[in-house]
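Make a model of the complete structure from these sequences and hints.
According to the numbering used here, the sequence shown is numbered sequentially starting from 3.
Bear in mind the hints are in silico, worked out from the structure with no lab data behind them.
Treat the numbers as computed from the prediction; the structure is a model and nothing was measured.
Some clues are possibly wrong.
What the hints assert, rightly or not - For each label pair, taking beta carbons as the anchor points, the in silico distance ranges come out as:
#1 ALA267 to GLU242: 19 to 27 Å
#2 ASP126 to PRO224: 33 to 41 Å
#3 ILE232 to ARG86: 34 to 42 Å
#4 PRO224 to ASN246: 27 to 35 Å
Even for Gly, the Cβ is constructed at its ideal location relative to N, Cα and C.
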Amino acid sequence: MPTLSMLKQMAGQAAGYSGRQADCLPDANTAQEEARLPLGVPAIDACLSGGLVRYGLHEVRCSQSRDIGAATGFALSLLARAAREKSPAKARRTDGRVFWIIDPAAGFDSGLPFSDGLRQHGIDAGRLVLVRPERLKDAIWSAGEAARCGDLAALIIQIRGNPTAFDATVSRRLLLRARENRVLTLILRQGGEEEASAALTRWQAGACPSLPDKSLMDRSLPDGKQFRGIGHMRLVLTLEKNRNGQTGQWHVSWNPQTGAFEHAAQNPQAAHPGRPLSVSSDRPDCPAEMGQVLALERAS
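In structure tokens, the structure reads:
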């Protein structure tokens, strides 16, 4: 696992120069020429004027910690999509690493990525550099240094809630460096509310029931029932902020074989529907649970 000193050394080597870079926003002409990353769903790409700004800062959040799987799945899908949609500006760069920096407070609820799961999702686990500092302050510093590395394919900084240390100034610095060094940078906010930031877009991701796996429909279980399996990941995506002004909500599924999002029905039949329990009558109500249910309140 890389230490902060190792990360600093890697950042300096990848940048290829020393000294403070000028923190200046690109002019209007430069912004118009920025590369776009289409998601594959026409309605979403039209709302984004052709796709996400590839070299910029975007935020993916979930309001409750229990939805971090959906938010992480969307963020990883964007990375897999970017890997397939190769950029001419980085055609000669061979590093292609992804830095994933995790706030120490976020790892308790979210866990850590699994290499086989990443591979099935379309991510090369060998390109992933996982950074787990002991303090949020160090995580923010690590993200700022990593954003200087022009050879990076992408950068993810995962934070929990809405910490005061991660303010608009920090996000603006990440945006400037992401644009200057042409690095796709994502904020993965776990159990946090909406707040002002320099991110070009902000997405809220939630989970939806998966459809049956069509490739397994011809198989049967020992009792003769049809084996339905679990299909592709399905999400409800809400575009809460967009520099272009347009927002919206869509139900999509991620196809790791094609590396693209697909439009999904809003109310599909669950892959494994359960039989509802009968309503009992003339019986006492269940006692209330003691304490607070985990991951239902906002993390701060």
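Hints, one by one, checked against the model:
For the pair ALA267 and GLU242, the supplied restraint of 19 to 27 Å holds, since their beta-carbon distance comes to about 23 Å. Look at ASP126 against PRO224: about 37 Å separates their beta carbons, and that is inside 33 to 41 Å. Checked against the hint of 34 to 42 Å, the C-beta distance between ILE232 and ARG86 comes to roughly 23 Å, which is inconsistent with it. For PRO224 and ASN246, the Cβ-Cβ distance of about 54 Å falls outside the hinted range of 27 to 35 Å, so the restraint is violated.
In summary, the structure is inconsistent with hints 3, 4 from the numbered list given earlier, while agreeing with the others.
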